[in-house]
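2 protein chains.
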Amino acid sequence: MEKESLLAAISEDLERIEAALAAVQASQVPFINEVSHYILFAGGKRLRPLLTVLCARLCGYEDPRIYELSVLFEYLHAATLLHDDVVDGAEFRRGRRAAHNLWGNQATILVGDYLYARALRIAVEKGNFEVLKVVTETTLLMSEGEVLQLLNVDNTGLTEEEYEEVIFRKTAALIAAACECGGIAAGASEAERKALWAFGRHLGLAFQITDDLLDYLGVSTETGKDIGTDFKEGKVTLPLLYALQNSNDGDRQRLLSLLRDPEPTPQGFEEAFKIIEKNQGFERTRQRAQREIEEALEHLYRFPAHPVRDLLEGLTRYVLIRRK
Amino acid sequence: MEKESLLAAISEDLERIEAALAAVQASQVPFINEVSHYILFAGGKRLRPLLTVLCARLCGYEDPRIYELSVLFEYLHAATLLHDDVVDGAEFRRGRRAAHNLWGNQATILVGDYLYARALRIAVEKGNFEVLKVVTETTLLMSEGEVLQLLNVDNTGLTEEEYEEVIFRKTAALIAAACECGGIAAGASEAERKALWAFGRHLGLAFQITDDLLDYLGVSTETGKDIGTDFKEGKVTLPLLYALQNSNDGDRQRLLSLLRDPEPTPQGFEEAFKIIEKNQGFERTRQRAQREIEEALEHLYRFPAHPVRDLLEGLTRYVLIRRK
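Protein chains in written order, with the numbering used here: chain B, 1 to 324; chain U, 1 to 324.
For the record, the hints were derived by calculation from the structure and aren't laboratory data. Keep in mind that this is a model prediction, so the values were computed, not measured. Each hint can be trusted.
The list makes no distinction among identical chains, and a pair is therefore deemed to hold if it is satisfied within one copy or across any two copies.
No farther apart than 30 Å at their CA atoms in a straight line, the calculated lysine-lysine pairs in the BS3-like style are these:
1. Lys225 to Lys274
2. Lys194 to Lys126
3. Lys194 to Lys133
4. Lys278 to Lys232
5. Lys235 to Lys225
6. Lys170 to Lys133
7. Lys170 to Lys126
Using the sequences and the hints, build the whole thing.
Right, here's the structure in full:
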């Protein structure tokens, strides 16, 4: 499926998701709405609500109330972005200044708390206890994942399994939950729910692995983020992890010393980039993302052929070739 | 009811609450347990779970599962304490170093998120949708209240109504929810639930007003906090608000200039203290707390006479004379 036909096929859903987001009852505190608006309407891809809507439809659910439910995942996502911004000290997010640089850490933390509470209120309002179970379980996993990631900064001995655990909790768990909750809304069977969850899990892993790859290979004007921030912050992601595994002693020592440079330079990053490239760090990362895509599709293929299945397949394949 | 007989009457409940807190399933991430333990077992009064247990009993509910449910309010409270610590930049909490000074802002924010998610999971595990409704509604109010408080720092034109709104959201809403959820667990009527909520609301207002008074009048070794931090941070609470209303132009100008001193001194605080005292700031604050106590008791008296009602009355009256 070509990018253009994919976009055409989801454009109506995206419009209705935007409308549902705009329709969520605002806070009585105007300042909260200002910050929320900045983070919620900053050009997000709406991947999570879109997955909820499409997974519900795949299970035969056509009720438009799905849009109202689906946006809770965008709220949850926005809440984690705000706390991430503070924790990472990121300067930019989606090509704009990160929220904490505009409103300070204090307000950013508290509006994050608000968006999280708002997300749970949507689940309560929709009256679906099963959705609430999945959502609270997921937020627990996510908060543990954020802590794990923080503890693993500078851990150059990080294994591939540990890396996977972090990105599962940090990114894939919420995407898996968004998919499963589409199934729940549709009254899907236990087996279907599990398949949707597993589909979302592998899609989410591929998504985050690609994100980590774009942090090296992306173009700043396209991704809206600085390039090389992970490396500059000493964060070990898959390209570096593979390169460290693959390199000879000389390359490994050089990589580690560049990684630990307290004042990283563009030249240092360029040198590290070349060492990672030479040691197949990017190539193997791309292959790993590809494998996750294939696994995601295996779970998707448990559902009978259907135009919505094709759409989900197209979205899944697009994750790998996206440039932002 | 004397303090000693009050303590004796609640000692078994407090023990069972401690046991329930200790029995909550730990995180798989040891570091999270370390921070959680520090904040959860730092000598908290367990007021919120105790109110849930006693309010349930007042409505005739004796099932020991109430202890398991009640601790969700201690988890929620601990989560807000962690985020408060970061937002306030407080140095001490309950006589020990504030969490963010030990583990840094990043970990403190994220463990706060974890405790919040854990609290909601307890509500989900207990399977009570009504409790979840009240809890999510309350967390929404609370997060808005925290933002309001942040926006009101330095607002010397704060009215008594605005102050009440902030402390309701910040403190009283959670205490009211803890009381109401005791009633929900007991299957109380709508009228009983409302009475418990209103009782908790006024009790919570009295509690926070007394807290704000102790920030001026307390003894640091008893409260475990620095004295005068609100004033030094430019935070307008009731004693100052009343004093500003009551004082002549000279006193008001002097108070405002001391409040805005970018480098506050102990001498400056002492001078401000005397001006507030002279203008009945403390006296009127105490009277206001007393009125909240009386209002709380009015709602409590809607329930028939009962030893548990006496206990709740004793606890309520104790709020005003507590020294920490």
